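Asker: Heads up: the sequence lines are chains A and B, in that order. Under the UniProt record's numbering, the first residue of the first sequence is numbered 1, with each subsequent residue one higher. Under the UniProt record's numbering, the first residue of the second sequence is numbered 1, with each subsequent residue one higher.
Do not take every clue at face value.
A short, non-exhaustive set of chain B residues, derived as facing chain A with CB atoms under 7 angstroms [to be verified]: (1) Phe50; (2) Lys59; (3) Gln62; (4) Leu77.
Calculated lysine-lysine pairs in the BS3-like style (CA-CA distance at most 27 angstroms, straight line) [unchecked claim]: (5) B:Lys39 - A:Lys45; (6) B:Lys16 - A:Lys71; (7) A:Lys20 - B:Lys94; (8) B:Lys94 - B:Lys16.
Hints were generated in silico from the structure; no laboratory data involved. Computed from a predicted structure; not experimentally measured. Where is the CB? At the ideal position from N, CA and C, for every residue including glycine.
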Amino acid sequence: MKRLQENRIDLINNYLQASKLDPELIPEILDHLACEAEECLWNGKPFEQVYKEITETADAQLLLNLSVDHKNLLAMEKSLNDIVFEGRNKLYGAYDLRKSYGQTIQRSVLMGVTLFLLMVMLPNLYARLVPEPKASDIAYVVEAHPVDIKMEVPLPPPPAEKAAPSVKTVRSLPPVVLPDNQVEIENIPPTKEELESALPGQEDIKGIEDMGFIVPPSAPVANDKAVAVEVKPKNDEIFRIVEQAPEYRGGIAAMSAFLQKNLKYPSPAAAAGIQGRVFVEFTVGTDGKIENVTAIKGIGFGCDEEAVRVVKLMQNWIPGKQSGAPVRVRFTLPIAFQLN
Amino acid sequence: MDNNATSNEYVRGTLKTIVLNLLAEHSRMYGYEITQEVKDRTGGAIALTFGALYPVLHKLEQEGLLITESVEVDGRLRKYYSLTTPGNEAARDKTTDLERFIEAVRLLLAPRVLTSE
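Taking the hints into account, I'd like the entire structure generated from these sequences.
Answerer: If you want it as structure tokens, here you go:
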């Protein structure tokens, strides 16, 4: 088989390029024509004649028709985009965007619908996944046991308390000062004989005579007829000067005799020939007792101590009184020590 | 030329079937080979022009009945066509369809011959 030289192939190729043939078809047509030419050459025709025949068969009009036919046959598959971008730069990007537009829209609609449905259904889905406890659901089981109900037995009444033994009392009301016509004669104070075996009380109660313990008399009934004026001794205050000075029971003479009898001259003072007066200060209590004995001015040699000792021995002073009430009085007593 | 044109008229409708049938017999063919095969087998009664053949080949390729492979032969690209699986089925279907059609056409043509005689 004779083969076409490259320059001859190029010649045919150039002829096809110059024609209005669809570029897609050129390689195939070129091969086809080359094959035809080769066969003609094989049959002994010179190339020039062959080429002329080829160009006559495949003239410009035929090639154009071929392109149009080809296009029409494939046109069914061609979209508007292919027609719009006919002969334009398809690599620029707009063609791809337009071509994939349908797919993009389809995908985005699907995604949008899915997302929207998810959003709408989400509460429903959640509720299905996490079911709320129904009212009919059993939360917990309680075991029921039969309960025996017994009739309540009334408690036996507590044993009656025996009345506490009361002490025998004799009616002895405090005397009340009343006008003569109102005096009730029946309220006679109890006699001595009665009180020997009973305690004074509000009423006569026949109780046990000798209980061995002393029961305080029951509180006296409030008596609004007379209120006894009680003068309470003023214990707190110590007076220097009072309306009625305290006094040794028996008078100054008795006190002198007491002192004469009890005072002993201390031997050191006697030896030293000490004479003089010791001033002893003490408090006479409301009960007439001597307290806080001190020698405020002395002569020493045991005379002060002797004076304090003897004063402490003294009892039964009559307490001093202020406004009729016994009060504590600070009293100073000079005691003379004199050698004979 | 007239004879050729009328044959072309009939060929146009059956071209797809012819091509598919030829390809079913051969593993792969290229355009010129198909035209030569048709010319040889029919003794030149049917001559496929490249103007008719190639658009049909491309159309079939687009329909997925054919696949192509380009091989460089003698300094130029040669495009070989072969049938796909659906292409094989299509070849069978179209061939039987065409045979049935030809039978029908024969039936249509025959009575007239009978009556005229």
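Asker: Take the hints in turn and mark each one as holding or not.
Answerer: Here is how each hint holds up against the structure:
1. Phe50: Hint holds; B:Phe50 Cβ to chain A Cβ min 5 angstroms, cut 7 angstroms.
2. Lys59: holds, 5 angstroms
3. Gln62: holds, 6 angstroms
4. Leu77: holds, 5 angstroms
5. B:Lys39 - A:Lys45: Roughly 20 angstroms between the alpha carbons, so the hint for B:Lys39 and A:Lys45 holds.
6. B:Lys16 - A:Lys71: Roughly 17 angstroms separates the two Cα atoms, so the pair holds.
7. A:Lys20 - B:Lys94: Not OK: A:Lys20 and B:Lys94 at ~34 angstroms, beyond 27 angstroms, violated.
8. B:Lys94 - B:Lys16: holds, 8 angstroms
Going down the numbered hints, you'll see the structure goes against just number 7.
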